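Enquirer: As they're listed, the protein sequences go chains A and B.
If you read the first sequence in numbering that gives the first Met the number 0, its first letter stands for residue 0, the second for the next number, and so on.
If you read the second sequence in numbering that gives the first Met the number 0, its first letter stands for residue 0, the second for the next number, and so on.
Hints listed in this document are in silico derivations from the structure and should not be mistaken for laboratory results.
Capping the alpha-carbon separation at 25 Å, the derived lysine-lysine pairs in PhoX-like fashion look like this:
no.	chain 1	residue 1	chain 2	residue 2
1	B	Lys290	A	Lys61
2	B	Lys205	B	Lys340
3	B	Lys133	B	Lys143
4	A	Lys61	B	Lys144
5	B	Lys144	A	Lys71
6	B	Lys314	A	Lys61
7	A	Lys61	B	Lys298
8	B	Lys143	A	Lys65
9	B	Lys534	B	Lys406
10	A	Lys71	B	Lys143
11	A	Lys65	B	Lys314
12	B	Lys196	A	Lys61
13	B	Lys143	B	Lys67
14	B	Lys205	B	Lys335
15	B	Lys534	B	Lys516
16	A	Lys65	B	Lys67
Chain A regions said to be covered by chain B (calculated; three or more residues, Cβ under 8 Å):
no.	stretch
17	6–20
18	51–59
19	65–73
Simulated DEER-style distance windows between Cβ atoms:
no.	chain 1	residue 1	chain 2	residue 2	range
20	A	Gly26	B	Leu31	35 to 43 Å
21	B	Tyr496	A	Gly26	34 to 42 Å
22	B	Ser561	A	Arg83	51 to 59 Å
23	B	Arg181	A	Arg158	19 to 27 Å
24	A	Gly26	B	Gln462	41 to 49 Å
25	A	Gly156	B	Val186	23 to 31 Å
26	A	Leu103	B	Gly557	51 to 59 Å
27	B	Met230	A	Gly13	42 to 50 Å
28	B	Val336	A	Arg83	48 to 56 Å
29	A	Leu103	B	Asn136	50 to 58 Å
30	B	Thr2	A	Gly26	48 to 56 Å
31	A	Arg158	B	Ser1	45 to 53 Å
32	B	Lys558	A	Gly26	22 to 30 Å
Note that the coordinates shown come from a computational prediction; the quantities given were computed from them, not determined experimentally.
Think of the CB as a built atom: it goes at the ideal place given N, C-alpha and C, for glycine as much as any other residue.
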Amino acid sequence: MRHIISLLMENEAGALSRVAGLFSSRGYNIESLTVAATEDSTLSRMTLVTAGSDDVIEQITKQLNKLIDVVKVVDLSEGDHIERELMLIKVRALGKDREEIKRLADIFRGRIIDVTDKSYTIELTGTGSKLDAFLDTIERSAILETVRTGASGIGRGERILKV
Amino acid sequence: MSTELTGAEITVRCLQKEGVDHIFGYPGGAVLFIYDELFKQDKVKHVLVRHEQAAVHAADGYARSSNKIGVALVTSGPGVTNAVTGIATAYMDSIPLVIISGQVPTHAIGLDAFQEVDTVGITRPCVKHNFLVKDINELATTIKKAFFIASTGRPGPVLVDIPKDVSQQKAVFVYPESVAMRSYNPVTRGHAGQIRKAVQLILEAKRPMIYAGGGIILSDAAAQLTELVRMLGFPCTNTLMGLGGFPATDRQCVGMLGMHGTYEANMAMQHCDVLVAIGARFDDRVIGNPKHFFNEDRKIIHIDIDPSSISKRVKVDVPIVGSVSDVLVELIKMLKVRKEKPDQTALDAWWTQIDLWRARDCLKYDRSSSIIKPQLVIEKLYDVTKGDAFVTSDVGQHQMWAAQFYKFDLPRRWINSGGLGTMGFGLPAAMGVQFANPGNMVACVTGEASIQMCIQELSTCKQYNLPLKVINLNNRYMGMVRQWQEFFHGNRYAESYMDALPDFVKLAESYGHVGMKIEQPGDVESALTEAFKLKNRLVFMDFITDQTENVFPMVPGGKGLSEMILV
Ligand SMILES: Cc1ncc(C[n+]2csc(CCOP(=O)(O)OP(=O)(O)O)c2C)c(N)n1
Numbered sequence: 000m001r002h003i004i005s006l007l008m009e010n011e012a013g014a015l016s017r018v019a020g021l022f023s024s025r026g027y028n029i030e031s032l033t034v035a036a037t038e039d040s041t042l043s044r045m046t047l048v049t050a051g052s053d054d055v056i057e058q059i060t061k062q063l064n065k066l067i068d069v070v071k072v073v074d075l076s077e078g079d080h081i082e083r084e085l086m087l088i089k090v091r092a093l094g095k096d097r098e099e100i101k102r103l104a105d106i107f108r109g110r111i112i113d114v115t116d117k118s119y120t121i122e123l124t125g126t127g128s129k130l131d132a133f134l135d136t137i138e139r140s141a142i143l144e145t146v147r148t149g150a151s152g153i154g155r156g157e158r159i160l161k162v
Numbered sequence: 000m001s002t003e004l005t006g007a008e009i010t011v012r013c014l015q016k017e018g019v020d021h022i023f024g025y026p027g028g029a030v031l032f033i034y035d036e037l038f039k040q041d042k043v044k045h046v047l048v049r050h051e052q053a054a055v056h057a058a059d060g061y062a063r064s065s066n067k068i069g070v071a072l073v074t075s076g077p078g079v080t081n082a083v084t085g086i087a088t089a090y091m092d093s094i095p096l097v098i099i100s101g102q103v104p105t106h107a108i109g110l111d112a113f114q115e116v117d118t119v120g121i122t123r124p125c126v127k128h129n130f131l132v133k134d135i136n137e138l139a140t141t142i143k144k145a146f147f148i149a150s151t152g153r154p155g156p157v158l159v160d161i162p163k164d165v166s167q168q169k170a171v172f173v174y175p176e177s178v179a180m181r182s183y184n185p186v187t188r189g190h191a192g193q194i195r196k197a198v199q200l201i202l203e204a205k206r207p208m209i210y211a212g213g214g215i216i217l218s219d220a221a222a223q224l225t226e227l228v229r230m231l232g233f234p235c236t237n238t239l240m241g242l243g244g245f246p247a248t249d250r251q252c253v254g255m256l257g258m259h260g261t262y263e264a265n266m267a268m269q270h271c272d273v274l275v276a277i278g279a280r281f282d283d284r285v286i287g288n289p290k291h292f293f294n295e296d297r298k299i300i301h302i303d304i305d306p307s308s309i310s311k312r313v314k315v316d317v318p319i320v321g322s323v324s325d326v327l328v329e330l331i332k333m334l335k336v337r338k339e340k341p342d343q344t345a346l347d348a349w350w351t352q353i354d355l356w357r358a359r360d361c362l363k364y365d366r367s368s369s370i371i372k373p374q375l376v377i378e379k380l381y382d383v384t385k386g387d388a389f390v391t392s393d394v395g396q397h398q399m400w401a402a403q404f405y406k407f408d409l410p411r412r413w414i415n416s417g418g419l420g421t422m423g424f425g426l427p428a429a430m431g432v433q434f435a436n437p438g439n440m441v442a443c444v445t446g447e448a449s450i451q452m453c454i455q456e457l458s459t460c461k462q463y464n465l466p467l468k469v470i471n472l473n474n475r476y477m478g479m480v481r482q483w484q485e486f487f488h489g490n491r492y493a494e495s496y497m498d499a500l501p502d503f504v505k506l507a508e509s510y511g512h513v514g515m516k517i518e519q520p521g522d523v524e525s526a527l528t529e530a531f532k533l534k535n536r537l538v539f540m541d542f543i544t545d546q547t548e549n550v551f552p553m554v555p556g557g558k559g560l561s562e563m564i565l566v
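The whole structure should be built from the sequences, with the hints applied where relevant.
Expert: See below:
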């Protein structure tokens with residue numbers, strides 16, 4: 000099953016490699032990983048998307064907790080949470096397609112952030128499946144480039160991950 | 000204004016503050032300032048090994064036999080890469096070490112400088128934690144943290160990488176009394192509710208079994224374990240890492256379990272209805288195939304300091320996370336309060352069954368053989384030392400025979416590389432043991448293949464007058480490899496024959512030690528007696544043993560515990 004795991008860790012050199020190293024050495028899969036400093040610059044917040052049986056997920060959270068630099072770990076998928084991912088997509092936009100693409104972007108609440116006479120660059124946020132859905136609406140050959148951040152997640156309401 | 004010290008002075012002062020009396024190391028460019036400071040003082044004694052792998056093994060043997068933290072010091076680049084085997088060995092067996100390594104100067108890091116390796120990167124998967132100290136002002140705190148992390152929670156090796164310029168720069172030295180880390184707060188006390196559940200299960204047991212591992216040794220809980228086992232009257236098995244945790248000569252001890260465990264221990268593990276696993280991790284060489292081990296009706300209590308060891312290979316019913324010694328104290332207290340006893344009739348019947356298994360005499364061997372049987376050597380070693388020696392071993396058949404035939408009644412007496420299985424461990428580990436226990440008998444049981452992996456340490460032994468007794472079970476084969484080839488590869492002995500062996504007697508003598516070659520079973524005991532009488536000399540005893548002998552019982556890889564091959 001897919002799980003989205005959030006963690007707070009000391010913002011130290013090499014901290015990211017400890018997490019990445021753990022996943023590769025123990026053979027866990029990583030679908031995506033995002034990381035950046037928090038409002039407290041001594042802490043980094045990481046969101047990891049992984050998949051595995053309950054046993055594997057249990058091991059993953061235990062092993063993450065065991066890393067000396069890791070301060071807190073939560074499996075967001077255990078409760079209500081919100082996930083968002085950012086995608087930038089550059090599409091070929093010529094002639095009558097320009098109007099159509101703009102209309103599609105609007106429907107998905109995307110924003111066109113760069114324009115040339117041949118292309119649009121669209122910014123889109125949402126869950127991974129919304130981004131997938133948008134990609135499906137655009138003809139493959141028109142897609143020039145995409146870049147996605149991977150999911151970031153946060154608990155709903157009073158669910159707070161903080162030191 | 001307090002005076003400033005160099006990074007090298009700070010490093011040495013930290014070691015002094017931690018009460019380190021011996022450090023094992025090898026110099027080189029990146030650690031020269033540190034060596035210079037070691038030279039100027041005499042509180043921390045430096046032991047010069049002949050290879051960095053041995054420095055770490057020696058620190059490791061020192062730690063295992065003393066419950067102190069072992070410390071090693073190596074230079075950058077090849078010094079570190081040589082040390083990696085030692086570090087990984089300690090990591091797999093959860094041994095508290097602090098390894099200090101030199102690094103190229105901070106401004107040269109990343110430029111492929113002479114003797115530069117990414118030490119933090121290379122060692123990351125085999126340390127509990129590691130640090131690269133880039134700022135002299137963080138040096139003392141970092142070393143304090145290293146000692147704290149190494150010895151608390153589930154222990155393990157911690158490495159501190161110190162660039163050469165940091166060892167030269169100056170800062171005010173303040174050694175923190177303690178460290179608090181928001182990201183690292185190991186638990187010690189077990190959850191009372193869980194312990195209560197364990198007590199209930201224990202009292203309801205009809206076919207109980209206590210399975211105790213290296214955690215007993217690491218948390219110094221042998222006394223508590225012994226009290227628990229005796230008050231309950233249950234059978235107890237020790238793992239390879241746990242030997243000595245419960246006295247081997249006690250009737251309630253059913254011997255070691257696992258791949259080369261006794262018939263009675265493995266059968267009791269398989270057929271018990273309540274299993275109390277303490278400081279053990281159900282590893283593949285212990286329970287064999289987990290699918291075969293699984294039994295719906297067996298309830299498992301698992302006490303361990305490391306939550307990630309729980310339900311990793313085997314699902315358990317009552318997990319208790321905490322320091323083994325603390326949890327055992329609580330458990331014993333609660334049992335005493337309850338005053339009830341488990342069903343004695345059922346327990347008697349269970350013992351009758353166990354004694355039947357025991358009567359199978361699974362460790363029997365040909366005592367009338369005209370060629371020296373390796374088992375005989377270990378039995379005689381036990382007799383001659385009256386069971387009071389520290390015994391280190393290398394890896395192979397000799398290791399298993401030592402574990403099976405030397406009856407360890409005390410913890411920290413059996414020193415071996417259980418997790419990583421590192422050939423070359425025995426001799427340098429024995430050096431560390433001797434430094435930690437001067438005046439005690441220390442024997443290194445080895446094979447002619449293993450001993451050659453760190454044989455250069457005979458030179459270190461000479462330099463420091465370490466009166467070790469090396470028991471070389473010389474079967475002219477990588478015996479354990481040969482055994483697997485005999486059983487599983489159609490007797491094709493691919494590269495497992497040890498050709499062109501040195502004359503070990505002459506070799507020992509050339510290092511300034513005493514050498515003995517023993518070829519007759521009748522000479523085994525007298526030779527050992529003579530060797531141990533030489534209290535101030537290292538004696539290298541080359542026992543020419545039966546080439547065809549195998550270790551039994553044996554649970555073949557992938558098989559279940561009750562599917563043993565027996566003699
Ligand atoms: C460094 C290392 N390399 C290889 C092995 C694989 N191995 C395990 S036992 C063994 C043979 C050991 O032979 P010896 O030391 O003569 O002991 P014996 O089994 O004959 O008692 C080998 C090669 C190992 N454990 N460690």
